[in-house]
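**Student:** Below are the chains, spelled out letter by letter.
Protein chains: 2
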Amino acid sequence: MAEKELVLLDGHLSEYSYVGGYLPTQADFALFKSGRVPSNLPYSLPSVRRWAAHMASFSASELEALPQLKDGCKIDEQLSNLVQNNLKMEKKEAPKNAGEQKKAQNSKGKSGKFVLKTPKGTRDYNPSEMAVRRKVFNTIYSVFHMHGAVEIETPVFELKEVLTGKYGEDSKLIYDLEDQGGEILSLRYDLTVPFARYVAMNKITNIKRYHVARVYRRDNPAMTRGRYREFYQCDFDIAGQYEAMLPDAECVQLVHQVLSKLNLGEFTIKINHRKILDGVFGACGVPADKFRPICSAVDKLDKSPWEEVRKEMVEEKGLDPNVADTIGEYVKLSGKEELIEKLKNDERLKDSAAAQAGFADLELLFQYCRALGCDAYLVFDMGLARGLDYYTGVIYEAILKAGQEGGEEGTVGSVAGGGRYDQLVGMFDPKKKTVPCVGVSFGIERLFAIQERKDKSQTDKIRATQTEVLVASACKGMLIERLKLLGVLHGAGIKAESSYKNNPKLLNQLQYAEDNGIPLVVLIGESEVQEGVVKVRDTTSREESTIKRDELPDTIKQRLSVNP
Amino acid sequence: MAEKELVLLDGHLSEYSYVGGYLPTQADFALFKSGRVPSNLPYSLPSVRRWAAHMASFSASELEALPQLKDGCKIDEQLSNLVQNNLKMEKKEAPKNAGEQKKAQNSKGKSGKFVLKTPKGTRDYNPSEMAVRRKVFNTIYSVFHMHGAVEIETPVFELKEVLTGKYGEDSKLIYDLEDQGGEILSLRYDLTVPFARYVAMNKITNIKRYHVARVYRRDNPAMTRGRYREFYQCDFDIAGQYEAMLPDAECVQLVHQVLSKLNLGEFTIKINHRKILDGVFGACGVPADKFRPICSAVDKLDKSPWEEVRKEMVEEKGLDPNVADTIGEYVKLSGKEELIEKLKNDERLKDSAAAQAGFADLELLFQYCRALGCDAYLVFDMGLARGLDYYTGVIYEAILKAGQEGGEEGTVGSVAGGGRYDQLVGMFDPKKKTVPCVGVSFGIERLFAIQERKDKSQTDKIRATQTEVLVASACKGMLIERLKLLGVLHGAGIKAESSYKNNPKLLNQLQYAEDNGIPLVVLIGESEVQEGVVKVRDTTSREESTIKRDELPDTIKQRLSVNP
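For the record, the sequence lines run as chains A and B.
1008 is the number of the first residue of the first sequence in this note's numbering; add one for each residue after it.
1008 is the number of the first residue of the second sequence in this note's numbering; add one for each residue after it.
These are calculated hints, taken from the structure and not from any lab test.
Fair warning: there could be bad hints in the mix.
Heads up, the list lumps identical chains together, so a pair's fine if it works in one copy or across two of them.
[As the list claims (entries may be wrong)] Straight-line alpha carbon distances no greater than 20 Å define the calculated SDA-like cross-link-like pairs of lysine to any residue that follow:
| # | residue 1 | residue 2 |
| --- | --- | --- |
| 1 | K1483 | Y1249 |
| 2 | K1483 | L1371 |
| 3 | K1167 | D1186 |
| 4 | K1508 | E1370 |
| 5 | K1491 | D1382 |
| 6 | K1502 | Y1148 |
| 7 | K1307 | K1324 |
| 8 | K1124 | T1212 |
| 9 | K1318 | G1394 |
| 10 | K1268 | R1377 |
| 11 | K1440 | E1250 |
| 12 | K1124 | D1436 |
| 13 | K1439 | D1429 |
| 14 | K1357 | L1340 |
| 15 | K1179 | E1168 |
| 16 | K1167 | G1188 |
| 17 | K1512 | Y1249 |
| 18 | K1491 | G1155 |
| 19 | K1167 | E1237 |
| 20 | K1268 | K1502 |
| 21 | K1167 | L1123 |
| 22 | K1124 | D1186 |
| 23 | K1127 | E1071 |
| 24 | K1564 | Q1473 |
| 25 | K1124 | G1433 |
| 26 | K1142 | A1220 |
| 27 | K1508 | I1214 |
| 28 | K1508 | A1251 |
| 29 | K1011 | S1051 |
Keep in mind that this is a model prediction, so the values were computed, not measured.
For reference, chain A alone in the conformation it holds in the complex (with noise of 0.2 Å):
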């Protein structure tokens, strides 16, 4: 290609994301493997660059499933009209900004379709979703405030910086926003890390606090299995420096109070412990150096079989094969307090100075869940591993077995996980004077997915209102007598709804309130206007009872909380 197309190639992808618009084609796989884009782009030639570094991403297997690009793949004659185009406007006076140049090339209906979508991993939650959403927020809130904790909010998005260091491999996955000549700012990957910068910041040295917000991560979506790249997540984390395990069993026992009050089917708590996992990798014989990728294989046996875990070990992370198998004995164990001793006396570990420590905190943890009646759920599960890098001291993980309903989706998932931190804080302390922090967060996507199944099964629906009474009229002209009604109603703080037509048909209005749910319908017609009555109809019943105008809302407030 010629430098000159290249450059206005340069200026169409400055603008679209990709040859036939926002979203990619066979058009770009064309041009792509055309071998006319060369592969040694300069840098004045940005946008090019990252349109052939996305395409490179991209599998054998992806780019063939792209779809065509609407009239055929014409990559030659579509980057010619590219050029003509850009000629006829550079003829033309310069498009002001970056929205009329668009406009005028969508006014050609060349290229840039627009296409009505929420971005990637991403999407809309309607009304019925929303209710089903407030419910378990609400459930959840009200175990929060069971416990004390306090309420904070954080940005959006953070000083890169602030999350630079934190995620390990997975920083690849942060969004940044453009630099438009400020902070370089990303959004937020989760609430620990902006708990932990909160912390530092304003000096606190102790606080119980959750935080229920939106985070991004730039994954490959599986939106199907409830996992997007805008997502909730639920925290609650104590900070400060307390008696050993008490924090700890407090979490502990929240997540099962949530769990058991959520009423999702059967749970576990599955519990472990950093330095126990550090013990057992120095006393089969694991390099210091190679503790954490070992660790982050383990974290994969939640997914994948001992034997896969196993090759990682060895083939990727260069473990000797003796080792990995001696690794294998412990990490299949899992037990209650008799697996603690048991282990605290075995031959390898009873010397490991981590490993022992480790095993009195979890002696501790046990005892206080035991008091807290939080015990039942509780299982030591040697192969728990949790993935972030911050941990440092127990690491827990509540699995739901939602398996009623059987089928995929019925399997047993992760819905809530957590552990100790106390390094975290320090790492934005300008003296690295730390805050030891333990916390726990909730994986709000998929209890909302499983509880939708729930309800769906279910024969009472959760409702997207909460309208209690419907004003309706049995004859036309009655707008302004129903208005009125309302006015009432609501000063009364009665939730109450009326048609906005001027004439609706009384059977459409009485539907209207079986169909949503209304428990009243509060009925006018011209005879009850002039004796200064309102009929009181129950939806469900269908009864009906006259009453004195003045005495209506007391009259609903009655009924309503006899029969709310």
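Got chain A sorted already, so can you dock chain B onto it with the hints?
**Tutor:** Just chain B, lined up with the frame of chain A:
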């Protein structure tokens, strides 16, 4: 500056926002005014170009107010250091990624000093601030529910194209995300455009929804006056083809109800109509292509005196001075229905179809608002114009007279605004099929600020926690007993806390209950445990009574229900 130096500066500025790191300093000012950075920078130096354009956006007083670079303003040395640092690094292996490069520079402590802060124009909210927010939100939610509104949620970012061309000249304030090889995304600027996108995308013909969420504007923040780059909007909108002015009247009623319930002071709801404004402009002789610019000048009447607005019309927008003076006569008018009556027969307006249609709408609106009981604070204000382009009919704005406290912060302020926008949904529909909409948005940050001041001036504080019971011990060795009581209380749904210390002092525990407004203390010592009883202490009256342990949850619930 030599080209080589500029290239190195570009490298530095691609990593850092400013010469000295992430904050602008006098070093930037000095370099900028030195003339050493040429004004005709090539595209191959994008970061220097960005920096230079950004520096040019500072006002003289802002530049002078910039802080000193640490160790004084040694701009030449700074740049030579930069050159040397970069040369040194080039000799070594090139750093693999931005993070590593940053680390390498940070460790030398030369530049990019880590600053612990939230991004410009944003802030954290601490627990007591969050408690105020929750109180305001809950009031607003209760009114939304009173009207049978449903809730939706949309992603925090949209395809850039969705936002393009919707906000006029404010588009430059939109936050863009970095194009990391995918779609081009921008953070939402308001909730109205995403709502219209949602309605069009889901082919919804009618919905009454609310949406409370944060929006993003790269405005010059004025944080002391409650103006941020990240702030909440609280939107209520009605979409659908309905009887004229019924949904509009409901929006006015809702504003009336929210402000009455919040009880933050006297308020006025100003209304006007875009068709009336257009009618006035037409009748006064404004050319059709100047309607929107002149409308946007009128919009400034709430902040500037008429003389300045007139100046903008005449000098900036080239309006005939006589035409401006005639407009001035109209936009000063305000009143109630009698003003509509008078203007309907106005010599200039009686033949304007647009103005007459607007008057007919406002007459209906007044009539419906009177029936709904929300006309008391309604004022027809010909000077109300509202900034946004998309309004097509009735517009309104609520002004709170929070004047009791006096001083600058006590002045009148707009706390809600909205109007009818019948064409916005059609902009997203492939066939341009539209859905008429009307809505209102509450400016929550200002309401928070006023509520916060009000709360501070009152004696009974808002609590950041909801804890009802503190479980305390009068002697050592009671930790497990305290945990058991916590388990029992939580099991009964009672909000209870206990100290994280093994052996906390009794006085400290009682003081904690008083400081945090926890109404009841459950107290145990050795004798209580032996006898199977607990003491219940009322924090306010300090009265104590002894009850059987079995009766604990019921007694507590009863005590709380009597004196919550």
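**Student:** Against this structure, judge whether each hint is valid.
**Tutor:** Structure-based check of each hint:
1. Taking identical chains as interchangeable, the C-alpha atoms of K1483 and Y1249 lie at most 20 Å apart only when they sit on different chains, with a minimum of 16 Å there against 71 Å within one chain.
2. Proximity of K1483 to L1371 under the C-alpha cut-off of 20 Å is restricted to the inter-copy arrangement: shortest distance 18 Å between copies versus 74 Å within a copy.
3. Taking the shortest alpha-carbon separations for K1167 and D1186, both the intra-copy value of 11 Å and the inter-copy value of 16 Å come in at or below 20 Å.
4. With identical chains, the CA atoms of K1508 and E1370 are at most 20 Å apart between copies only, with a shortest distance of 18 Å across copies and 68 Å within one.
5. In this homomeric assembly, K1491 and D1382 come within 20 Å of each other (Cα to Cα) only across copies, at 12 Å, whereas the closest approach inside a single copy is 58 Å.
6. For the homomeric pair K1502 and Y1148, the shortest alpha-carbon distance between copies (12 Å) is at most 20 Å, but the shortest distance inside one copy (24 Å) is not.
7. Within a single copy, K1307 and K1324 get their C-alpha atoms as close as 14 Å, which meets the 20 Å cut-off; across copies the closest is 66 Å, which misses it.
8. Taking CA atoms no more than 20 Å apart as the test, K1124 paired with T1212 passes between copies only; the shortest distance there is 18 Å, against 45 Å inside one copy.
9. Proximity of K1318 and G1394 under a CA criterion of 20 Å is satisfied intra-copy only: 18 Å inside one chain copy versus 63 Å between copies.
10. Proximity of K1268 and R1377 under a CA criterion of 20 Å is satisfied intra-copy only: 19 Å inside one chain copy versus 46 Å between copies.
11. Only within a single protomer do K1440 and E1250 lie at most 20 Å apart by alpha-carbon distance; the minimum there is 19 Å, versus 65 Å between protomers.
12. Taking identical chains as interchangeable, the C-alpha atoms of K1124 and D1436 lie at most 20 Å apart only when they sit on different chains, with a minimum of 12 Å there against 42 Å within one chain.
13. For a Cα distance limit of 20 Å, the shortest separation of K1439 from D1429 inside one copy, 12 Å, qualifies, whereas the shortest one across copies, 57 Å, does not.
14. Taking the shortest alpha-carbon separations for K1357 and L1340, only the intra-copy value of 17 Å comes in at or below 20 Å, while the best inter-copy value is 89 Å.
15. Proximity of K1179 to E1168 under the C-alpha cut-off of 20 Å is restricted to the intra-copy arrangement: shortest distance 14 Å within a copy versus 26 Å between copies.
16. Taking the shortest alpha-carbon separations for K1167 and G1188, both the intra-copy value of 14 Å and the inter-copy value of 19 Å come in at or below 20 Å.
17. Taking identical chains as interchangeable, the C-alpha atoms of K1512 and Y1249 lie at most 20 Å apart only when they sit on different chains, with a minimum of 15 Å there against 67 Å within one chain.
18. When the C-alpha separation of K1491 and G1155 is checked against a cutoff of 20 Å, the pair qualifies only between copies, where the shortest distance is 17 Å, while the shortest distance within a copy is 44 Å.
19. In this assembly of identical chains, K1167 and E1237 lie within 20 Å of each other by CA distance both inside one copy and across copies; the values are 18 Å within and 17 Å between.
20. In this assembly of identical chains, K1268 and K1502 lie within 20 Å of each other by CA distance solely across copies; the values are 15 Å between and 28 Å within a copy.
21. Taking identical chains as interchangeable, the C-alpha atoms of K1167 and L1123 lie at most 20 Å apart only when they sit on different chains, with a minimum of 11 Å there against 31 Å within one chain.
22. For a Cα distance limit of 20 Å, the shortest separation of K1124 from D1186 across copies, 18 Å, qualifies, whereas the shortest one inside one copy, 25 Å, does not.
23. In this homomeric assembly, K1127 and E1071 come within 20 Å of each other (Cα to Cα) only inside a single copy, at 19 Å, whereas the closest approach across copies is 44 Å.
24. Taking CA atoms no more than 20 Å apart as the test, K1564 paired with Q1473 passes inside one copy only; the shortest distance there is 14 Å, against 28 Å between copies.
25. When the C-alpha separation of K1124 and G1433 is checked against a cutoff of 20 Å, the pair qualifies only between copies, where the shortest distance is 15 Å, while the shortest distance within a copy is 42 Å.
26. Taking the closest pair of Cα atoms, K1142 and A1220 come within 20 Å of each other both inside a single copy (16 Å) and across two copies (18 Å).
27. With identical chains, the CA atoms of K1508 and I1214 are at most 20 Å apart between copies only, with a shortest distance of 15 Å across copies and 53 Å within one.
28. Only between protomers do K1508 and A1251 lie at most 20 Å apart by alpha-carbon distance; the minimum there is 9 Å, versus 65 Å within a single protomer.
29. Taking the shortest Cα distances, K1011 and S1051 sit within 20 Å of each other both inside one copy (12 Å) and across copies (16 Å).
Hint compliance for this structure: no hint is broken.
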